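Enquirer: Spelled out from the first residue to the last, the chains are:
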Amino acid sequence: MSARPIVLQIPASSAYLVLVRAATTAVCARAGYPIDRLDDTAQAASEAAALLMRDAAPGALLTVSLTPAKDGGLTGVDIDVSVRSSSGRTPRPTTFSWTIVAALVDHVSTRMNGENVELHLRSRQEVIAQ
Amino acid sequence: MSTTPTDAESTDVITHRSGWSARDRVIERRLLTELTAMEPDDPRRRALRDQLVTMHLPLVEYLARRFRDRGESHEDLVQVGTIGLINAVDRFDVERGVEFSTFATPTIVGEIKRHFRDRGWAIRVPRRLQEMRMLLNRGTAELTQKLGRSPTVAELAEHLGVTEDEILEGLESSQAYATKSLDGSSDDDDGPSMAASLGKIDLALEGVDNRETLRPLLASLPEREQRILMLRFFQNKTQSEIAAEIGLSQMHVSRLLARTLAGLREQMLDDY
Numbered sequence: 001m002s003a004r005p006i007v008l009q010i011p012a013s014s015a016y017l018v019l020v021r022a023a024t025t026a027v028c029a030r031a032g033y034p035i036d037r038l039d040d041t042a043q044a045a046s047e048a049a050a051l052l053m054r055d056a057a058p059g060a061l062l063t064v065s066l067t068p069a070k071d072g073g074l075t076g077v078d079i080d081v082s083v084r085s086s087s088g089r090t091p092r093p094t095t096f097s098w099t100i101v102a103a104l105v106d107h108v109s110t111r112m113n114g115e116n117v118e119l120h121l122r123s124r125q126e127v128i129a130q
Numbered sequence: 001m002s003t004t005p006t007d008a009e010s011t012d013v014i015t016h017r018s019g020w021s022a023r024d025r026v027i028e029r030r031l032l033t034e035l036t037a038m039e040p041d042d043p044r045r046r047a048l049r050d051q052l053v054t055m056h057l058p059l060v061e062y063l064a065r066r067f068r069d070r071g072e073s074h075e076d077l078v079q080v081g082t083i084g085l086i087n088a089v090d091r092f093d094v095e096r097g098v099e100f101s102t103f104a105t106p107t108i109v110g111e112i113k114r115h116f117r118d119r120g121w122a123i124r125v126p127r128r129l130q131e132m133r134m135l136l137n138r139g140t141a142e143l144t145q146k147l148g149r150s151p152t153v154a155e156l157a158e159h160l161g162v163t164e165d166e167i168l169e170g171l172e173s174s175q176a177y178a179t180k181s182l183d184g185s186s187d188d189d190d191g192p193s194m195a196a197s198l199g200k201i202d203l204a205l206e207g208v209d210n211r212e213t214l215r216p217l218l219a220s221l222p223e224r225e226q227r228i229l230m231l232r233f234f235q236n237k238t239q240s241e242i243a244a245e246i247g248l249s250q251m252h253v254s255r256l257l258a259r260t261l262a263g264l265r266e267q268m269l270d271d272y
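Listed in order, the protein sequences are those of chains A and B. FYI, the working numbering numbers position 83 of the first sequence as 83, with every residue one higher than the one before it. FYI, the working numbering numbers position 65 of the second sequence as 65, with every residue one higher than the one before it.
Excised from the complex, chain B in its bound form (with noise of 0.2 angstroms):
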């Protein structure tokens, strides 16, 4: 059912170096190999692989910009994609003979669906509705600020000028679609980190019945996802708290945690 932002990418890799000479690609092919050949820890890589994410800038800029107009400002995008590219630099195998923009575009395309995922809108939502969820963020943002706690839906709606049930409709959209992309298929790869968290998780999980079946469920989820669970769950923090320590909006928290739930549940179908 995901219908994410469009593929077509086989046809970016030509385009956005059509401004390049042969000699920018004579100097991209010895930056990567130079850089292949470096170990792990070479203090010159750091130079390198900077220099080659500023070549291959205008590729993110490129492929961020075919996901306009799906309710995320270019900035964001080219800053999510700039992610992607900075891991295609260092998992880049010069030997294994494939262009280096062959290789980054699904890594950075990967990284700008994971946003639009984590954002919840894998799926096509409504152009209005995705405004709404904009502003709402927003102006959760500026009152949980200027309130120092989180807004109640009749402030929201005086702030920002539109009626309550507007919010409502926002606030539920938001949750049916974060809801809904659980069933979509997930490339994300930022991986479970098995070995740093175990412990806390025994220690959450104390007293509670099934840890057999949970701790591996609780351990291979994301890492962020795992430690939201953690600080809402047993660390008690609100979610506004957690969003401001992780750096994500509280609507963002909200999703994730009924996303990660939603999940867990359909895992656990002897918890009774």
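The shape of chain A in the complex, shown without the other chains (with noise of 0.2 angstroms):
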């Protein structure tokens, strides 16, 4: 089950990252997540929006989704980020940006979507009891 996306749309600039950065702290918090789990998912989606920008065609703007999931014994977010490329080509997963994004996140993957390249990260964790 899914509930409806938060979205985000910012320009390619560095200095929006800290958007990125707050709304995914606010829906990992929602999601009942432990703060360092948190913390590593907003890394994440603040690194995959960096890397998505060196991409980004001229004037485009970067849009961010944040899609809160729960299933099962699970709670999570899904992360989709996408901008009109400029090269017309999905990230290489040898970067180094990449090894930082797969290393927080359950699951990263790119695909391109018409002009968009898009990047997907999904992030669980064990519903903890209150």
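Bear in mind the hints are in silico, worked out from the structure with no lab data behind them. A couple of the hints might just be wrong.
[To be verified] Partial list, derived from the structure: chain B residues whose beta carbon lies under 7 angstroms from chain A:
| hint | residue |
| --- | --- |
| 1 | S150 |
| 2 | E172 |
| 3 | V208 |
| 4 | D209 |
| 5 | L214 |
| 6 | S240 |
| 7 | Q250 |
| 8 | S254 |
[Unchecked claim] Label-pair distances were calculated between CB atoms; the ranges are:
| hint | chain 1 | residue 1 | chain 2 | residue 2 | range |
| --- | --- | --- | --- | --- | --- |
| 9 | B | E61 | A | Q9 | 49 to 57 angstroms |
| 10 | A | N113 | B | E223 | 40 to 48 angstroms |
| 11 | B | K146 | A | A69 | 22 to 30 angstroms |
| 12 | B | G207 | A | R111 | 45 to 53 angstroms |
| 13 | A | L74 | B | M134 | 47 to 55 angstroms |
| 14 | B | P40 | A | R122 | 49 to 57 angstroms |
| 15 | B | L217 | A | D71 | 52 to 60 angstroms |
| 16 | A | S109 | B | R224 | 31 to 39 angstroms |
| 17 | B | E75 | A | L74 | 50 to 58 angstroms |
| 18 | B | G207 | A | N113 | 22 to 30 angstroms |
| 19 | B | N87 | A | A102 | 38 to 46 angstroms |
| 20 | A | R122 | B | R65 | 47 to 55 angstroms |
| 21 | B | R211 | A | E115 | 26 to 34 angstroms |
| 22 | B | H74 | A | T94 | 45 to 53 angstroms |
[Claimed, not checked] With a cut-off of at most 30 angstroms between alpha-carbon atoms, the simulated DSS-like pairs for lysine-lysine come out as follows:
| hint | chain 1 | residue 1 | chain 2 | residue 2 |
| --- | --- | --- | --- | --- |
| 23 | B | K237 | B | K146 |
| 24 | B | K237 | B | K200 |
| 25 | B | K237 | A | K70 |
| 26 | A | K70 | B | K146 |
For clarity, every value in this text was computed on a predicted model and none was experimentally measured. Cβ atoms here follow ideal geometry from the backbone N, Cα and C, with glycine treated the same way.
Relying on the hints, combine the two individually framed chains into one complex.
Expert: Written as structure tokens, this is what we have:
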């Protein structure tokens, strides 16, 4: 079961990464994440946004969707980052940035969607009983 | 932009020794002369050094007081200031002809400022947020200990008797300030530890693109930041585990990680 996404649209500039971080933090807090996992996920989202910013077409806006997810005993968030690409190709999974993102969430994938390059991050955490 | 705690250091020098007699001054001079002349591995060095450090603790106390009301306890500031004092004692050279306190003051103040920078408070943070961050630090440590894992925002809010929104605000401000403090000039003097870790860096970067760009960037990080990065990303330790291993708070580890990655990011623009 997925809730409705929270969507951010920001200029492709690192000055806006703090917003990605703050929004991800808030969503993970609501999902009941422990602080250190929450921080990892926020860092991953901002790192993923930074990665796609490098390939953003001039003037393109970057979209970050945060979709809270709950399945079975797991809670979490799906993070989709998307921007119009200038190179027309996806980032390589062997880059340092990808390595960082991959270490912080459970799964990362990328694809081209028309002119847009997309990154999909999945983060899950066992539900902690309050 | 960095309006780090004020520096009107030149006047400090006289003040802390106002209680000194002429005899104290002679003793100071004699100790420093002896220490300068000693071989680095002389067994008497330690006692001499301790004596000099004790003599100048009032200077550290005095300098630490100038940073009061900035959200750090006086004891902590004296502790980090003392590290600066010890470094100054070790590096002082009588032959340069400067007063020891003139020489030591910038080193002590430098350590204290570095402490504030590490805590992400290089720029003026509203007092309410500083207090929230201290509260968060304490609460996180207490609950981590109690639960055996990192606490959730809801648990922290309940434990500290504040709202979840306040916790979030505290977490955000913590990161925002950590990121900003990057722009400030850095006079950190704990330099990189090249030789020791190059091998580890190479191993960690196996299979990663841009190794040639990355290697010197990683190698030029301060030793502690290097270690945190390696533990988190290449040995898969959690922030809480790293915090326990290095002896910092989890929030401190989080800030250092965020800051280090942001710094690397700026220099790795072709990493796509």
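Enquirer: If a hint holds in the structure, say so; if it does not, say that too.
Expert: Quick rundown of the hints versus the structure:
no.	hint	verdict
1	S150	holds (4 angstroms)
2	E172	holds (5 angstroms)
3	V208	holds (5 angstroms)
4	D209	holds (5 angstroms)
5	L214	holds (6 angstroms)
6	S240	holds (5 angstroms)
7	Q250	holds (6 angstroms)
8	S254	holds (5 angstroms)
9	B:E61 with A:Q9: 49 to 57 angstroms	holds (52 angstroms)
10	A:N113 with B:E223: 40 to 48 angstroms	holds (43 angstroms)
11	B:K146 with A:A69: 22 to 30 angstroms	holds (29 angstroms)
12	B:G207 with A:R111: 45 to 53 angstroms	violated (22 angstroms)
13	A:L74 with B:M134: 47 to 55 angstroms	violated (33 angstroms)
14	B:P40 with A:R122: 49 to 57 angstroms	holds (55 angstroms)
15	B:L217 with A:D71: 52 to 60 angstroms	violated (39 angstroms)
16	A:S109 with B:R224: 31 to 39 angstroms	holds (34 angstroms)
17	B:E75 with A:L74: 50 to 58 angstroms	violated (44 angstroms)
18	B:G207 with A:N113: 22 to 30 angstroms	holds (28 angstroms)
19	B:N87 with A:A102: 38 to 46 angstroms	holds (40 angstroms)
20	A:R122 with B:R65: 47 to 55 angstroms	holds (51 angstroms)
21	B:R211 with A:E115: 26 to 34 angstroms	holds (31 angstroms)
22	B:H74 with A:T94: 45 to 53 angstroms	holds (50 angstroms)
23	B:K237 with B:K146	holds (20 angstroms)
24	B:K237 with B:K200	holds (16 angstroms)
25	B:K237 with A:K70	holds (25 angstroms)
26	A:K70 with B:K146	holds (27 angstroms)
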